[in-house]
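S.K.: Here is what each chain is made of, one letter per residue.
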Amino acid sequence: AQKITQTQPGMFVQEKEAVTLDCTYDTSDPSYGLFWYKQPSSGEMIFLIYQGSYDQQNATEGRYSLNFQKARKSANLVISASQLGDSAMYFCAMRENYGQNFVFGPGTRLSVLP
Amino acid sequence: DAGVTQSPTHLIKTRGQQVTLRCSPKSGHDTVSWYQQALGQGPQFIFQYYEEEERQRGNFPDRFSGHQFPNYSSELNVNALLLGDSALYLCASSLGLVGEKLFFGSGTQLSVL
Numbered sequence: 001a002q003k004i005t006q007t008q009p010g011m012f013v014q015e016k017e018a019v020t021l022d023c024t025y026d027t028s029d030p031s032y033g034l035f036w037y038k039q040p041s042s043g044e045m046i047f048l049i050y051q052g053s054y055d056q057q058n059a060t061e062g063r064y065s066l067n068f069q070k071a072r073k074s075a076n077l078v079i080s081a082s083q084l085g086d087s088a089m090y091f092c093a094m095r096e097n098y099g100q101n102f103v104f105g106p107g108t109r110l111s112v113l114p
Numbered sequence: 001d002a003g004v005t006q007s008p009t010h011l012i013k014t015r016g017q018q019v020t021l022r023c024s025p026k027s028g029h030d031t032v033s034w035y036q037q038a039l040g041q042g043p044q045f046i047f048q049y050y051e052e053e054e055r056q057r058g059n060f061p062d063r064f065s066g067h068q069f070p071n072y073s074s075e076l077n078v079n080a081l082l083l084g085d086s087a088l089y090l091c092a093s094s095l096g097l098v099g100e101k102l103f104f105g106s107g108t109q110l111s112v113l
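So the sequence lines, in the order shown, correspond to chains V and E.
Numbered according to my numbering, the first sequence spans residues 1 to 114.
Numbered according to my numbering, the second sequence spans residues 1 to 113.
Please keep in mind that the hints were generated in silico from the structure rather than gathered at the bench.
Take the hints with a grain of salt, since some may be wrong.
Claimed, not checked - To give an idea of the chain E side of the interface with chain V (calculated C-beta under 7 Å), a few residues:
| no. | residue |
| --- | --- |
| 1 | L11 |
| 2 | R15 |
| 3 | F45 |
As the list claims (entries may be wrong) - Footprint (simulated), chain E over chain V, 3 or more residues, beta carbon under 8 Å:
| no. | stretch |
| --- | --- |
| 4 | 53 to 61 |
| 5 | 103 to 111 |
Don't be surprised by glycine CBs; every beta carbon is placed ideally from N, CA and C.
Required output: the full structure, derived from the provided sequences and hints.
M.R.: What follows is the structure, encoded as structure tokens:
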């Protein structure tokens, strides 16, 4: 069964507007971590934001925030004030119960329009 | 502060050959993981090395093997290459076995003809 689902293969957003990238996950472990990574065309995966399963507050990192809804098992990424440089692939990932491997979703390609 | 570095950047091999990819972790990191990213997909975990031992392995055949050196750098070896091994191979480093986040290199693009 797929553990990370990203239902939006591609998204478009106008520069300076906000955009939400969806991610749902599946786990039976009570302790897990959720991550978002950005992958520009250069190939490098860039860490954006982290949310622990026991964290009470939604994570924020600058223009990035994570809308964590535990009961729905969703961890959507919100990017505020989009910039042209935000155009890239975005991957949601999960680490279960202090496991040593990350499971990645299929990704969403975000295109920011001028 | 040097990030994760991988070499070579690109590689072209033919079926049946063997290949070695190299990775130097971010300064201060002691754990290296390898991921395979096929075109249009998310990365898939191959294995992780810590204290020069393979600690966990994903669903990859024994043709995929690795090594970690005392300076924490790592190699990924793939034997008897198949066309399906064509992918971007990403190395990631972290501090300790349960590092909060992974730092990735830019990857090695392997093409098998």
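S.K.: Would you mind marking each hint as holding or not holding in the structure?
M.R.: Comparing the hints with the structure gives:
no.	hint	in the structure
1	L11	violated, 14 Å
2	R15	violated, 24 Å
3	F45	holds, 4 Å
4	53 to 61	violated (count 0)
5	103 to 111	holds (count 5)
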